[in-house]
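Asks: Sequence:
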Amino acid sequence: MIKKPDDNIISLLKLGNVKCLAEGLGYYYSFQGVVVRGNKIGRELGFPTANIEVNNDTIIPANGVYAAMGKFSENWYEAMVNIGVRPTLGLKDITIEAHLFGVNQDLYGKEISLHFIEKIRDEIKFSNLDNLKSQLIKDRESASIILKNIKLRLNPKDNHCFYYK
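FYI, in this note's numbering the residues of the sequence shown are 14 to 178.
FYI, nobody ran anything at the bench for these hints, they're computed from the structure. Hints are not guaranteed to be accurate.
The calculated DMTMM-like cross-link candidates involving lysine to aspartate or glutamate, where the alpha carbons are at most 25 Å apart (straight line), are [unchecked claim]:
1. 164 <-> 154
2. 27 <-> 131
3. 27 <-> 143
4. 146 <-> 87
5. 27 <-> 91
6. 138 <-> 87
7. 123 <-> 143
8. 27 <-> 66
9. 138 <-> 152
10. 84 <-> 36
11. 53 <-> 36
12. 27 <-> 106
13. 146 <-> 36
14. 84 <-> 136
15. 84 <-> 57
16. 138 <-> 119
17. 164 <-> 131
18. 164 <-> 143
19. 146 <-> 110
20. 53 <-> 152
21. 138 <-> 124
22. 164 <-> 70
23. 105 <-> 143
24. 123 <-> 91
25. 105 <-> 70
Between beta-carbon pairs, the in silico distance windows are [as the list claims (entries may be wrong)]:
26. 69 <-> 161: 32 to 38 Å
27. 123 <-> 76: 22 to 28 Å
28. 70 <-> 164: 17 to 23 Å
29. 161 <-> 33: 32 to 38 Å
30. 143 <-> 87: 34 to 40 Å
Yeah, the Cβ is synthetic: ideal placement off N, Cα and C, and Gly gets one too.
Produce the entire structure from the sequences given, and follow the hints as far as they go.
Replies: In structure tokens, the structure reads:
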């Protein structure tokens, strides 16, 4: 996590421009949180998510869907992350939901680190859960393409995913 972020960093995060931020910082923006119970809608749709609770001073990127890398128990996973109010469900509280590709296990209480690679899209209100599921399939495809086309270099000392072309 970034310590004492400057105005440019905060501005880029508020815009959701995590890719540009990574180019400037030299590493992907990340934060850690603990997995808490959610309402299990993602699981019902075939996209189980880890609902992440972060401390109050964590700077969260803009609402939207992101391609990301997630880490827990010393293992890295490709992921897509939704940050927002989940308008399709009519909810108002901001949540952070991470769908870690290939992970379908109980993560409650585990600490997860999320490294934001690129924003895929803004948060959208869908007319029903079937339309949401169709979009989640597209989002996963987009995230997979983004994550396959980048080169990640990991620093084992501080666990940052470093950006480079």
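Asks: Now, for every hint given, state plainly whether the structure supports it.
Replies: Status of each hint after checking the structure:
1. 164 <-> 154: Since the Cα atoms of residue 164 and residue 154 sit roughly 18 Å apart, the hinted pair holds (cutoff 25 Å).
2. 27 <-> 131: 14 Å, holds
3. 27 <-> 143: At roughly 30 Å apart (the allowed maximum being 25 Å), residue 143 and residue 27 break the hint.
4. 146 <-> 87: Not satisfied, since the Cα-Cα distance of roughly 30 Å exceeds 25 Å.
5. 27 <-> 91: OK: residue 27 and residue 91 at ~23 Å, within 25 Å.
6. 138 <-> 87: 35 Å, violated
7. 123 <-> 143: Status violated; Cα separation ~30 Å.
8. 27 <-> 66: It holds: about 19 Å lies between the C-alpha atoms, which stays within 25 Å.
9. 138 <-> 152: 15 Å, holds
10. 84 <-> 36: This hinted pair holds, its Cα atoms lying about 21 Å apart.
11. 53 <-> 36: Violated. Residue 53 to residue 36 sits at ~35 Å, over the 25 Å cutoff.
12. 27 <-> 106: With a Cα-Cα distance of about 17 Å, the restraint between residue 27 and residue 106 holds, given a limit of 25 Å.
13. 146 <-> 36: Cα-Cα ~32 Å, so violated.
14. 84 <-> 136: Roughly 24 Å separates the two Cα atoms, so the pair holds.
15. 84 <-> 57: Roughly 23 Å separates the two Cα atoms, so the pair holds.
16. 138 <-> 119: Not OK: residue 138 and residue 119 at ~28 Å, beyond 25 Å, violated.
17. 164 <-> 131: The hint holds at about 13 Å.
18. 164 <-> 143: Outside the cut-off at roughly 34 Å; violated.
19. 146 <-> 110: 15 Å, holds
20. 53 <-> 152: 19 Å, holds
21. 138 <-> 124: 29 Å, violated
22. 164 <-> 70: Violated, because 30 Å separates the two Cα atoms, which is more than 25 Å.
23. 105 <-> 143: 21 Å, holds
24. 123 <-> 91: 17 Å, holds
25. 105 <-> 70: Holds, because 20 Å separates the two Cα atoms, which is no more than 25 Å.
26. 69 <-> 161: 32 to 38 Å: 35 Å, holds
27. 123 <-> 76: 22 to 28 Å: 24 Å, holds
28. 70 <-> 164: 17 to 23 Å: At roughly 31 Å between Cβ atoms, residue 164 and residue 70 fall outside 17 to 23 Å, so the hint is violated.
29. 161 <-> 33: 32 to 38 Å: 21 Å, violated
30. 143 <-> 87: 34 to 40 Å: Hint holds: Cβ distance 37 Å, inside 34 to 40 Å.
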